[in-house]
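All chains, please: the whole structure from these sequences, using the hints.
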Amino acid sequence: MCKIAICDDDKEYREKIKTVIETEGILSSNEIRFYEYESGKELLEDADILHDLIFMDMRMPGLDGNKTVLKLREYNEAAILVFCSGCFEPTPDSINVGQPFRYIMKDLHDRSLKKEIPMILLKVKLCCGDSSVTVTSAGRIMRI
1 MCKIAICDDD
11 KEYREKIKTV
21 IETEGILSSN
31 EIRFYEYESG
41 KELLEDADIL
51 HDLIFMDMRM
61 PGLDGNKTVL
71 KLREYNEAAI
81 LVFCSGCFEP
91 TPDSINVGQP
101 FRYIMKDLHD
111 RSLKKEIPMI
121 LLKVKLCCGD
131 SSVTVTSAGR
141 IMRI
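The working numbering numbers the first residue of the sequence shown as 1 and each following residue consecutively.
Calculated directly from the structure, the hints in this document are not laboratory data.
There are no misleading hints in this set.
Distance windows between CB atoms, simulated:
(1) L108 x A78: 26 to 36 Å
(2) N30 x G62: 32 to 42 Å
(3) I26 x R111: 17 to 27 Å
(4) R59 x A138: 39 to 49 Å
(5) K67 x A138: 45 to 55 Å
(6) L108 x N30: 26 to 36 Å
(7) I49 x T23: 22 to 32 Å
(8) Y75 x A138: 36 to 46 Å
(9) K41 x A138: 43 to 53 Å
Capping the alpha-carbon separation at 25 Å, the derived lysine-lysine pairs in PhoX-like fashion look like this:
(10) K106 x K11
(11) K123 x K18
(12) K41 x K71
(13) K18 x K106
(14) K106 x K123
(15) K18 x K41
(16) K3 x K115
(17) K71 x K11
(18) K67 x K3
(19) K115 x K125
(20) K41 x K67
(21) K16 x K41
(22) K115 x K11
(23) K11 x K114
(24) K114 x K125
(25) K123 x K16
(26) K67 x K11
(27) K106 x K67
(28) K18 x K125
(29) K16 x K114
(30) K18 x K115
(31) K3 x K16
(32) K106 x K16
(33) K16 x K115
(34) K3 x K125
(35) K114 x K18
(36) K123 x K71
(37) K11 x K41
(38) K3 x K106
(39) K67 x K18
(40) K106 x K41
Bear in mind the structure is a predicted one, so any value in this text is a computation, not a measurement.
All C-beta atoms in this analysis are idealised placements derived from N, C-alpha and C, irrespective of residue type, glycine included.
Put into structure tokens, the structure is as follows:
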């Protein structure tokens with residue numbers, strides 16, 4: 001079971017992330033458990049849950065994404081971290097906070113999200129213990 005945390009103050013964007021993950025097909029619905037958080041404070045209150053994947057909004061009221069991740073890494077160093085932001089704000093220092101796997105720009109049609117999710121989910125699948133990957137090509141399905 002892959003535990004996926006989505007920490008974003010925008011409920012609509014949290015739903016978009018879930019929808020893209022569910023429709024991608026790399027992880028089946030019985031392999032995923034979603035945890036949603038509106039703030040960094042809420043996520044830190046659940047720090048005892050060792051999430052496998054964390055989507056973290058950079059700008060939120062209260063604790064921003066960087067500050068939340070700094071505290072969260074004290075409890076969970078292994079989680080795959082994906083920063084999400086509506087504006088390009090990373091600096092060399094902030095982009096390395098928490099060792100993110102990806103930095104996704106929020107856009108109107110979710111192009112960045114849809115482009116990056118397959119690689120993110122493949123990484124999660126490999127880290128969650130199932131070392132096989134299902135590939136669909138030319139109408140054929142292969143499990144590698």
